[in-house]
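Peer 1: Each chain is listed here by its residues.
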Amino acid sequence: MGSKERQQFDNPVIEWVDSRLPIFTMMQKEYGVFPTPRNFNYFWNFGAIAMVMLVTMIVTGITLAMHYNPSTAGAFDSVERIMRDVNHGWLIRYLHMNGASFFFIAVYIHIFRGLFYGSYKQPRELLWILGMVIFLLMMATGFMGYVLPWGQMSFWGATVITNLFSAIPLVGDSIVTLLWGGFSVDNPTLNRFFALQYLLPFVICAVVFLHVWALHVTGSNNPLGIDVKSSQDTLPFHPYYTMKDTFGILVFLIIYVAFTFFMPNSLGHPDNYIPANPLVTPPHIVPEWYFLPFYAMLRAITFDLNLHLAVAGAIGATLVYDFCWLKQPSNILGVFLGKVRSYLTLGLLSSKPVGLTFFIVVAILAGLPGALLAFFKDMPAFQPVIDMIPFKSVALMPAKLGGVLAMFGSIAVLFVVPFIDKHPVRSAMFRPWYKKGVLALLVVFIILGICGSKPAEGYWVPLAQVMTLAYFGFFLAFLPWLNNNEPVVRLPGSIHEAVLAKAAKAVAVLLLAGLFVGAPVVGAQAQEAKAPAADAVVVEDMAVTSGDTGEVRTQSMEVETPAESAEQAVSAAPDTEKTPTAPEPVHHEAASAHHEMPKLPAVAWSFDGPFGVYDRASLQRGFQVYKQVCSACHSMNRVAYRNLSALGYTEAQIKAVASEYSITDGPDDDGEMFERPGRPSDHFKAPYKNTNQAKASNNGALPPDLSLIVKARTGGANYVYGILTGYEDAPAGVELANGQHWNKYMSGNKIAMPAPLAEGAVSYEDGTPTTVEQYAKDVTHFLAWASEPEMEIRKQTGVKVIFFLGLFALIMYRVKRKIWSKVY
Amino acid sequence: MSIENASPDHGHHAAEGETRRDFLFLTAAAFGAVGAGSVAWPFIDQMNPAADTVAMSTTEVNLAPIEAGQAITVMWQGKPVFIRRRTPEEIKEAEDADLSTLRDPQTDASRVQKPEWLILVGICTHLGCVPQGQKSTDVRGDFGGWFCPCHGSHYDTSGRIRKGPAPKNLAVPKYVFLTDTTIRIG
Ligand code: FES
Chain L
1 MGSKERQQFD NPVIEWVDSR LPIFTMMQKE YGVFPTPRNF NYFWNFGAIA MVMLVTMIVT
61 GITLAMHYNP STAGAFDSVE RIMRDVNHGW LIRYLHMNGA SFFFIAVYIH IFRGLFYGSY
121 KQPRELLWIL GMVIFLLMMA TGFMGYVLPW GQMSFWGATV ITNLFSAIPL VGDSIVTLLW
181 GGFSVDNPTL NRFFALQYLL PFVICAVVFL HVWALHVTGS NNPLGIDVKS SQDTLPFHPY
241 YTMKDTFGIL VFLIIYVAFT FFMPNSLGHP DNYIPANPLV TPPHIVPEWY FLPFYAMLRA
301 ITFDLNLHLA VAGAIGATLV YDFCWLKQPS NILGVFLGKV RSYLTLGLLS SKPVGLTFFI
361 VVAILAGLPG ALLAFFKDMP AFQPVIDMIP FKSVALMPAK LGGVLAMFGS IAVLFVVPFI
421 DKHPVRSAMF RPWYKKGVLA LLVVFIILGI CGSKPAEGYW VPLAQVMTLA YFGFFLAFLP
481 WLNNNEPVVR LPGSIHEAVL AKAAKAVAVL LLAGLFVGAP VVGAQAQEAK APAADAVVVE
541 DMAVTSGDTG EVRTQSMEVE TPAESAEQAV SAAPDTEKTP TAPEPVHHEA ASAHHEMPKL
601 PAVAWSFDGP FGVYDRASLQ RGFQVYKQVC SACHSMNRVA YRNLSALGYT EAQIKAVASE
661 YSITDGPDDD GEMFERPGRP SDHFKAPYKN TNQAKASNNG ALPPDLSLIV KARTGGANYV
721 YGILTGYEDA PAGVELANGQ HWNKYMSGNK IAMPAPLAEG AVSYEDGTPT TVEQYAKDVT
781 HFLAWASEPE MEIRKQTGVK VIFFLGLFAL IMYRVKRKIW SKVY
Chain D
1 MSIENASPDH GHHAAEGETR RDFLFLTAAA FGAVGAGSVA WPFIDQMNPA ADTVAMSTTE
61 VNLAPIEAGQ AITVMWQGKP VFIRRRTPEE IKEAEDADLS TLRDPQTDAS RVQKPEWLIL
121 VGICTHLGCV PQGQKSTDVR GDFGGWFCPC HGSHYDTSGR IRKGPAPKNL AVPKYVFLTD
181 TTIRIG
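Sequence lines, in order, name chains L and D. My numbering numbers the first residue of the first sequence as 1 and each following residue consecutively. My numbering numbers the first residue of the second sequence as 1 and each following residue consecutively.
FYI, nobody ran anything at the bench for these hints, they're computed from the structure. Do not rely on the hints blindly, as some may be mistaken.
No farther apart than 30 Å at their CA atoms in a straight line, the calculated lysine-lysine pairs in the DSS-like style are these [unchecked claim]:
#, chain 1, residue 1, chain 2, residue 2
1, D, Lys114, D, Lys174
2, L, Lys435, L, Lys327
3, L, Lys685, D, Lys79
4, D, Lys174, L, Lys655
5, L, Lys377, L, Lys392
6, L, Lys339, L, Lys327
7, D, Lys79, L, Lys655
8, L, Lys744, L, Lys454
9, D, Lys114, L, Lys655
10, D, Lys92, D, Lys174
11, L, Lys229, L, Lys436
12, L, Lys655, L, Lys685
13, L, Lys599, L, Lys454
14, L, Lys599, L, Lys744
15, L, Lys685, D, Lys174
All chains should be built: construct the whole structure from the sequences, respecting the hints.
Peer 2: Listed below in structure tokens is the structure:
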């Protein structure tokens, strides 16, 4: 950056600045003419994409912070206010919410690219480590960000994750109290999380700066993994890669905004639309999808480390060290033990190394009872054997600490990969064994993710355990073993040479892009494209990666049970608060009932699909049903009378509706509260003064607020419709307690709410049939609107944005092609 | 650093190809500009008052307890609103003022609905301080209305600027008499 070699700029202003602060020279050098390997594939876009996502998160985050209230009393409300009242608030929040997921998607692909092509190897070790620091900071930021909306998942996620630190021996509990600033997750916790969550992205920016700096010192790696030898191997960063990156970014953005506008909540959990309740835990606490693999490893350690397992493990570790890490296996343990034997017996016995078989036998002898204790403790069949095992009460490390160590270890091991993998070849393209291994690692990671999303029971636990072993095995046994055993193949002489040999590359790239967009059009080209083997791999990975997001969706569907049982816990079990054991039976009930539960009715809603809109007539009828039936017990705090204009009511009609209610206001000049008729700006009047009154009037069950009910339940509108129409006589043999009713769609089937709708109870003016089904449909329609009043504008905007981005991407693709046309 | 300079086939192509490429680059740049612009707008507009803030903009006031010569201050849209029940002398003073001497000429009649009740936004039109004169013990300035201590603006008994740096009369908010003794502001 010295000014010695500085070139003059023609523009006098730029020249004036640059001669004093050579920022333009620097930009020119680092982003203009910066020599970049000419053979990047589309995986090299993800650094730039991650950068774009970081900026997106900071911009949306700062604007959200302008409206967010970091207090336990106000957080949830302020987020809902952002969604409903702040101009474009829903857009900014959904961009932020889904942006977190897509930031992680970009970074995960970026990391995997680094692993696959050996980008972490000498001389880029520090570059990789800085990247891992960014990843760690992102995890902290993502976690704290999920806490801020202060829903049920926020609260319980915060509780569970902060409690991880209590596993640390001796100081654990004090650390947790320190983190909380109290004796549970509460207002001080939320406050500091907000402060840190605002700070960390800027720390990330700083580390990104170092990351990029380090990159520009060593230069980029490339798919071949060989060093740049001459200027023939490189192209200036601009315009070649600026244009290619722009195209890649646009394609990525299309997918991102598709989620944001059309399925903004698909990557989250419905439970987080229930305000935090420190007295009731949802049955399945699941972190955000991007933490699931690590969460699975945390839960995989279900056993205390017993003496036997420790002995077997220690022998195993030494053997792994001996046979995988060392060039020449030298039976270190045997040599050592031989010396010890000779020493202890004062030279009576020989100091010859102890044979390997001995250790294997010992490991098996210790390992078997150890494994029995650890994994089969609860199996009655093994009970007599287990009873005979000596020292079974010795626990060297509790399961809790083991899990925490496994989780943090799984990240820590990524930091040291550059020092484990010493194989001279970088790219997996020239390391057939490593390639198989690293692809297997990807599969393991995805399976771990699936395990993490499932309840920790049944075969998911052993599966997660095996996969955890495989994960660590890859880094701690397989990689060092490859160092000594994988043959080194002849590499291409130079990038230039290799590029010329692969003329078909551009077509393969097209194919990749096609997969990426999911455009069927490109499919035809895919068949023509005889992609060279290496590129085929790339394509394959991409498919796997997008499968990853598919999993995520499956996973979010799985939360079905918790949402329903949460309601069960609130409404069916009277006084859950006072009986802390109540959620337990409910949970089991829910799990067993899950399979018998009939599928939710699939109603064809007019608001389904990317072009869906609300049906005004149905909304108005639904409001009528809500007003005459539901509102007797259920509040709808987040909706104001003025919002009814969206249902097609005129201002005068809204005023009339509002003035039917008498609202308590005040205090007046004399300090008294007084009653006045409602105004359009008032929120819907609640039927009860407070939750205690609501419970007291409903047999101890709290009728939930309906503002977000459709969003807060898995199954959404269909679920609500199902509950409203699912009342039946209890089957023979089922005992219903007083105040309980039978509903086929309720998880556990017992519901506190009596069937609310009866034929003819509400008279419609427009001649619509007054059946229970019609009422249910209309009122659900209305409730869906109350949950997502922004839905219509959201989808309409989404269509426009995607159209625009699609066109832009097409143009950028042509620009890119034009610019690259002479290179290949 | 422009695209044209760096593109590899510069200089040798037929004019037609050249134009087509320039057009392509221009279109791309235009898309970029339009995209950036439309993204910027929501992030700026979010700072404007939210829908609930806009909707909350009315306040009802009971005038019954206010005696002649007294004034009260109520809150409307987060701002103070002065409600003064004027004495006959104050009304006369306000009506008799010579319009030609005023900086912001307005008749008293155009500033009140009922002469007895003067209702004003209590914010100095200079730089936004709240003028004094609501309490009987306050300094009311040279014209018996209000006096802004920040930079010395004097308002008369109709809330009109008479002296000092303020450019305009105190604003009159929108209000209606719901009954003889209650008003709704906004
Ligand atoms: S603000 Fe009142 S005189 Fe300046």
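Peer 1: Take the hints in turn and mark each one as holding or not.
Peer 2: We went through each hint and held it up to the structure:
no.	hint	result
1	D:Lys114 with D:Lys174	14 Å, holds
2	L:Lys435 with L:Lys327	21 Å, holds
3	L:Lys685 with D:Lys79	27 Å, holds
4	D:Lys174 with L:Lys655	19 Å, holds
5	L:Lys377 with L:Lys392	11 Å, holds
6	L:Lys339 with L:Lys327	23 Å, holds
7	D:Lys79 with L:Lys655	25 Å, holds
8	L:Lys744 with L:Lys454	24 Å, holds
9	D:Lys114 with L:Lys655	27 Å, holds
10	D:Lys92 with D:Lys174	24 Å, holds
11	L:Lys229 with L:Lys436	29 Å, holds
12	L:Lys655 with L:Lys685	14 Å, holds
13	L:Lys599 with L:Lys454	20 Å, holds
14	L:Lys599 with L:Lys744	10 Å, holds
15	L:Lys685 with D:Lys174	28 Å, holds
In terms of the numbered hints stated before, the structure departs from none.
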